[in-house]
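Number of protein chains: 8
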Amino acid sequence: MADWQPPASFARLDHDRAARRGYPEAVYCAGKSAEQVRAIAAELRRRHRAVTLFTRAGPEHARAVLAELPDARHEPEARLLAWPPAPPEPTGGRVLVLAAGTSDLPVAREAELTARYLGRESDLVVDVGVAGLHRVLGLLDVLRSAHVVVVAAGMDGALPSVVAGLVAVPVVAVPTSVGYGAAFGGLAPLLGMLTACTPGVAVVNIDNGYGAGHLAAQIAAAR
Amino acid sequence: MADWQPPASFARLDHDRAARRGYPEAVYCAGKSAEQVRAIAAELRRRHRAVTLFTRAGPEHARAVLAELPDARHEPEARLLAWPPAPPEPTGGRVLVLAAGTSDLPVAREAELTARYLGRESDLVVDVGVAGLHRVLGLLDVLRSAHVVVVAAGMDGALPSVVAGLVAVPVVAVPTSVGYGAAFGGLAPLLGMLTACTPGVAVVNIDNGYGAGHLAAQIAAAR
Amino acid sequence: MADWQPPASFARLDHDRAARRGYPEAVYCAGKSAEQVRAIAAELRRRHRAVTLFTRAGPEHARAVLAELPDARHEPEARLLAWPPAPPEPTGGRVLVLAAGTSDLPVAREAELTARYLGRESDLVVDVGVAGLHRVLGLLDVLRSAHVVVVAAGMDGALPSVVAGLVAVPVVAVPTSVGYGAAFGGLAPLLGMLTACTPGVAVVNIDNGYGAGHLAAQIAAAR
Amino acid sequence: MADWQPPASFARLDHDRAARRGYPEAVYCAGKSAEQVRAIAAELRRRHRAVTLFTRAGPEHARAVLAELPDARHEPEARLLAWPPAPPEPTGGRVLVLAAGTSDLPVAREAELTARYLGRESDLVVDVGVAGLHRVLGLLDVLRSAHVVVVAAGMDGALPSVVAGLVAVPVVAVPTSVGYGAAFGGLAPLLGMLTACTPGVAVVNIDNGYGAGHLAAQIAAAR
Amino acid sequence: MADWQPPASFARLDHDRAARRGYPEAVYCAGKSAEQVRAIAAELRRRHRAVTLFTRAGPEHARAVLAELPDARHEPEARLLAWPPAPPEPTGGRVLVLAAGTSDLPVAREAELTARYLGRESDLVVDVGVAGLHRVLGLLDVLRSAHVVVVAAGMDGALPSVVAGLVAVPVVAVPTSVGYGAAFGGLAPLLGMLTACTPGVAVVNIDNGYGAGHLAAQIAAAR
Amino acid sequence: MADWQPPASFARLDHDRAARRGYPEAVYCAGKSAEQVRAIAAELRRRHRAVTLFTRAGPEHARAVLAELPDARHEPEARLLAWPPAPPEPTGGRVLVLAAGTSDLPVAREAELTARYLGRESDLVVDVGVAGLHRVLGLLDVLRSAHVVVVAAGMDGALPSVVAGLVAVPVVAVPTSVGYGAAFGGLAPLLGMLTACTPGVAVVNIDNGYGAGHLAAQIAAAR
Amino acid sequence: MADWQPPASFARLDHDRAARRGYPEAVYCAGKSAEQVRAIAAELRRRHRAVTLFTRAGPEHARAVLAELPDARHEPEARLLAWPPAPPEPTGGRVLVLAAGTSDLPVAREAELTARYLGRESDLVVDVGVAGLHRVLGLLDVLRSAHVVVVAAGMDGALPSVVAGLVAVPVVAVPTSVGYGAAFGGLAPLLGMLTACTPGVAVVNIDNGYGAGHLAAQIAAAR
Amino acid sequence: MADWQPPASFARLDHDRAARRGYPEAVYCAGKSAEQVRAIAAELRRRHRAVTLFTRAGPEHARAVLAELPDARHEPEARLLAWPPAPPEPTGGRVLVLAAGTSDLPVAREAELTARYLGRESDLVVDVGVAGLHRVLGLLDVLRSAHVVVVAAGMDGALPSVVAGLVAVPVVAVPTSVGYGAAFGGLAPLLGMLTACTPGVAVVNIDNGYGAGHLAAQIAAAR
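Protein chains in written order, with our numbering: chain A, 1 to 223; chain B, 1001 to 1223; chain C, 2001 to 2223; chain D, 3001 to 3223; chain E, 4001 to 4223; chain F, 5001 to 5223; chain G, 6001 to 6223; chain H, 7001 to 7223.
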């Protein structure tokens, strides 16, 4: 049987890819044990490298990271930790994140923070559902000043289509698993966003706030 | 083996139910042969009864009906025939039908005509997608004068939610199979309408313009 | 990063929409923390506004609401709280709610109470499955005295179709997640209700008792 | 490469199984070429064996069978051919087949004829939907005289549940692909029948009239 | 608001239907509170009626039943209680229940006991998978002595098809949610059983041991 | 009934939105009759407006457009027509379109042409599947010179993930319906792209070459 | 716009990969035009390379190939062409292909021929369904002499599980789209094969006879 | 009622099949109680037979096995126990197992250990995703020295396709339920692997590390 030796092999941090692509590495915690996450954090500390994000970090993951990197910034609502804690100086265009409802906040916040740690200015506006169009219309100036808009929405996922009809820049749509019944865990907003009748909508996976923020940061990167 | 004798048994027109419920009977043609539809039309002619609608009538079905009931009104776009041709004098409230796009017209038209033949005043407005909010907002007065609004929309099916946020009356949402890919034959708008974040949306089956018009006529009935 | 300040922004109660549409606002608790719900309740108390419903409220949500609004009415079975506790004087037509089985009660009760707090007279009858037709037929007089019938049913969801064949008024069908196996969390009754062979069936989302009661109240509104 | 020799190997008629189980063999034509079906018919003629059914036979399949077995009985509506043409003398109990609508006739007729050729007395009643309960109730005596009831229904598939609540004998439910939209090619009635709230419902595959008739014949077999 | 008075209305035991159909009533516990189940048990005790089954009874349901009906028979593995405890004297034909694997036992046992309390002789054989054909073939005599065979199987659900090829009597196939991944909670065996290439397979809902036993008892009833 | 007057109402070209958002309008032909498309083309000719694309244009649609706008550019493989025929002078960054296989060409070409008519320089490279990594790796320089990469791929849809691992810019992934069986009409690549393990992948609807090209043009727009 | 030059770029035959992996290249025709296929065939002729297979070739594809490579072997039933026509001398172990029914023949034959052209001895046996176990059991010696068994089966797809229980070698299971209703285009046998209760079953895509034959040839390769 | 006597009948260990097929028996623990598993372990101890694996063993199952077979080897991460603890001396070819990410480790490890206990040399390499191609390419020599490669991957499941393009031997692809949202519990990688554009990919059930290892061991068996 192979000489299987953790942690040397179980999660090789891909600093090269990070370097190659110019963006920080992210450690997806959800499928890992607290021990595995702690070992990764320890390795990070030793190597003293650039910004790293810990995503989908539950309380135990967070404790494991903070045990090794006590100064890491922890945002429990977004299940995110960042180290070093200070985000880089913003460059490129501005990222605006909308959350359709309060329940979409964790995902929207994860997107906002990710974009921030990838070097973009980012803002978050909450509770902008299509049921109350005046709220969307009241944001027109804010919307049009952004270089990319991220929209997190569950249930019918109609907001990205409405927003994309109002702006010239790309809209990153992230469906959330908020809702019940025929929302089928985010399937309804996912399909709605994919079939949005307005062009210019870029869809990412359900609840993937990290991916939405990352994509938005790439779109708004300085060229 | 049973002594199987068409047409005496193959499609017993349910005039009693029609009478009992106060609405005309409809003959769903899609699954029937032209011969079967013609036999039903012939029986209708003999009995000289009240309004009957033939729905989902293809060209051959239409020819079969017109062979027996030459004065029937035929609306090919809505795949509908009505006999006798004159709709009843309108009573009750007004039904407004919106089609999100041109491709939704056949379904929207079927709804409009059904409501009309069930005794309601009805109007149709086309091409009112959420991608151009100004179109929806430009209809506010018309929308608010209706007693019920029917919305036919494919793709993301976001329009009913937006409309329901603008009016106090019920919105009957009919998803259409317009679209491709992740629209999955109308599944995307169906799920979107069922999970609409605005209350007051009544959903019917995909492409079911007849059902939408019937339900709207019941909602707007005089009491 | 945006200056993110809860609770000022995280859940803007849409009193304007409520006013505009003429119906009370509802706070969907399921995706919110107890703290968020409590902050909303506190804001309500300060503003002294009209009827508000708290839906999908678990025990912690209920405690949070009652801490701020001690006189709110709490109906645990329906996971509902209403404040102020007294429903408005009924106007418009009568809403009749049927629950196919005992397990459908929470959803049916949520519908009944919602219709009541939106200003309609409403009644609830339980255990009216299609397996025992005599029960349905024994309700004919009650059914025919209603202005709209809400039917909550899980498993095969056959009851709305049967009821719609017996009455002239609209039937609001709410599928429930009651059942197992091929019920697929409410998918089976949802599809059954959407394809009901009787016209006049308005479908809402699985387990959406609030939406069913709201739609029924709109249909039965005085004109 | 194997010495591949049609027709000796491409469809070995399983007379042994037929003999072993006591029921005629059936040749499922849908996936076979007319040439393959003709070769099977020729082999049958040579061997002079007991009753064989050709199911799902399109016009070309039928021509192929009749070319070899000119006296075979052909029922185009049920896409069935039987040879020899005369069904056996009935034994066992009576099979009653109900078709919810005219569009369900082909499937219902296939079930009726299959049961007949497997040796049962069988009858067919058409257009017995749940939308008109009086039709179902008007059949009570007929229903209660059968030893098994086959119900073919599309759309919501609610009829078997209603029928099973009225009789003591098993109900064989065969969903049909009649319907559109959320009927999803028979998925809706299939799920509805599987989750029927009345026990005593035996479900077979969508459009499987042959299987329904076969199962009914087995249930009603003399013991 | 309706004067809602439990327990008079929340679960009307349908003794008439039971009487009418000749089979005991069953109380499906899964969706009911322990209090509701206890109230039903108390009502049963007062009325002193014939056999009643409590199905899908968890530990709390069982305690509730036994508090009112201390002599009820409780079979925890099958989640079943029966009262009065003694099954009726068997009549009709013999029911044989097969469980493909040990994990299918709870469902198989529920079927066996249901058939027994509905008045049939019934036996259970466990661990008869298609992976070891010799086990199936070793049961040939037992199989052929039954009047109906119930087969409970998860995963690929191939066993009913194999068994139906060996016997002349109907096979009641009950898919179980045993398995993982592509078994999709019983969908795989459900589809496999519905498309079994052998006729004579009657399918019931996933994990529906009660329904399988009930149907088998009806099929094997004395005539 | 409303005075329904085509073509004034059936397809209101949304020049305002086009102007507002700064991109040409597109006419989706798939759901429209040749007559409807011709009427739109005639209106365009009269108004002499800026660039318009006709997408999903079958042969009859193309004839209808060319009858009114004989100088329109027609690209049958991409089912696209553009009028006026000359694309605008390129601005902004470069768009690179990859087609995983020859069968993905129509979609890839639609993306390339759309980006070109929206004002970007665009190139197309075909047959770059993951099965032959050397092909992808041989394109590294080309890939890294683009400001956005569009990847059209069917079957497993693995290419976008591989490409996104090699570049720093956003990847627009468009799943195609190429493939059979478990590709389920594009569902497999759609899910694969949504769950790509590399961040920076923006997904659009199945076969939506137009949407992919539009989104890419927005991402690569000059700022 | 890129200087797009077919055919130089539209389908680069991957001879390198073929060489690298040691197996012939295959041209999947289904998504290509006859012209594209002919251009590939012409290129092949010019380069005079080793064995190439044209899979999923319809009549027009076949004509195109034969126009350039008149001596190619064409097997219409398997929709396959091979050039040069003579298969290589067999090496490695023997491949046995089973077709559950006649309708599975095209897929099974494609597997048999693919394995043959990849250099294995291969045989085909047809009509070996689980409904007649004696057929399977009668093949025991043949089964046990093979180095790998390919099983093509539609409907319930139960055969691979049964076969894998009888042999020690791997079983390659290829689900076919044979069947209707709940077979859902091959989904039922696909799920059945993936959840087969016997280990040793390797599943490939629905109707993928080429893939099954290729995998079998690799498994049985000489080492 | 049958005289039901556990454990004699509830889980007949199929030593005959094991012997017949030449591979150890496996006890799937997931659906069994700790008591049932302990009884099986006790029986094993008494009979002193060859290697047996306990798969999907939770902590309670492990305790039950170790109570009877204290020297059994327990690998908690792979949820596996083996008894006797020493694997057999390796024969046949080498099995290489790749885990795309750390979260795929439990499944990959189950595959590695299974292959080892079935008599093959086996190795495991972790964290080889397609997002970082250099990792895959860095393994070329290792890959090409294996007789079969097992790839465990969740999310998009793209790795097997890439690997199969680099080696001549079969690739056993095991999708994992790692991921969220559109990964749908492993459906996304399952479909991706089934539609891999490279031939030579053998797919097994989601999370079925045991099945993957078993199949690999059969493929790499000495001949």
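Note that these hints are calculated values from the structure, not bench results. Don't take each hint at face value.
What the hints assert, rightly or not - Chain A side only, calculated, beta carbon under 7 Å to chain C, not exhaustive:
hint, residue
1, His48
2, Ala50
3, Val51
4, Pro76
5, Ser103
What the hints assert, rightly or not - What follows is a set of in silico ranges between Cβ atoms, one per label pair, in the way DEER data are often shown:
hint, chain 1, residue 1, chain 2, residue 2, range
6, C, Asp2141, D, Val3142, 52 to 62 Å
7, F, Ala5050, A, Pro88, 48 to 58 Å
8, E, Gly4058, A, Leu140, 53 to 63 Å
Just so it is clear, CB atoms sit at the ideal spot from N, CA and C, and this is done for glycine as well.
Exercise. Against the earlier hints, flag every one the structure doesn't satisfy and list their numbers going up.
Key: Per hint list: 1, 2, 3, 4, 6 and 7 violated.
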